[in-house]
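Asker: Sequence:
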Amino acid sequence: MLPATRRVSLRTRQASSRMQDYVTYNVKYPISRFMSYHRLSPSYSAFFTSISAIQEPKTFYEAQSQAVWQQAMNEELKALIENHIWSVVPLSVGKQVVGYHWIFKTKFKSDGSVDRHKAHLVAHGFTQKFGVDYKETFAPVAKMTIVRVLLSVAINQGWFLCQMDVRNAFLHEELEE
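Those letters in the sequence shown? Residues 1 to 177, by this note's numbering.
Source of the hints: derived by calculation from the structure; they are not laboratory data. Some hints here could point you the wrong way.
Restraint-style ranges between C-beta atoms, simulated for each label pair [said to hold, decoys possible]:
#, residue 1, residue 2, range
1, K78, S52, 48 to 56 Å
2, H101, V8, 13 to 21 Å
3, V89, K135, 14 to 22 Å
4, Q96, S36, 34 to 42 Å
5, T12, C162, 35 to 43 Å
Cβ atoms here follow ideal geometry from the backbone N, Cα and C, with glycine treated the same way.
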């Protein structure tokens, strides 16, 4: 398969007319006046330096040219296929396909070295219409209040806590839509 070529627009770009109502200003108190790396221990300084040196791709076109990101995308697609996340069906009359895009993140170990590269395939859910494409929404998100309560109980009970990274999590049954 031939790689898709990107068409570059030749028109001159200018700010949107609706943005003319907003006033921009210089920052009165830049963070560089209040934060500095020179007070950090050498290990923390090395950690922050290594994190800021890594560039994550912003688009699929940037990622496809690097082997580590190609492997990350293949792992994500493999997990989606193994968990039967979708099936190919003919498009119903009057319906539109939901678009998608890739999000790329670099995961680090506590010493600042790269643990792995992660690619997420994210659907453009904002193109769907309530009552037509879906009936309800649910997002299992932990609130910080619950996290604090859990940590407080663990400390008071003397429980051992550990952290883990889940590569792929699919928590719910099939959707009818």
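Asker: State for each hint whether it applies.
Answerer: Quick rundown of the hints versus the structure:
no.	hint	in the structure
1	K78 / S52: 48 to 56 Å	31 Å, violated
2	H101 / V8: 13 to 21 Å	19 Å, holds
3	V89 / K135: 14 to 22 Å	19 Å, holds
4	Q96 / S36: 34 to 42 Å	51 Å, violated
5	T12 / C162: 35 to 43 Å	55 Å, violated
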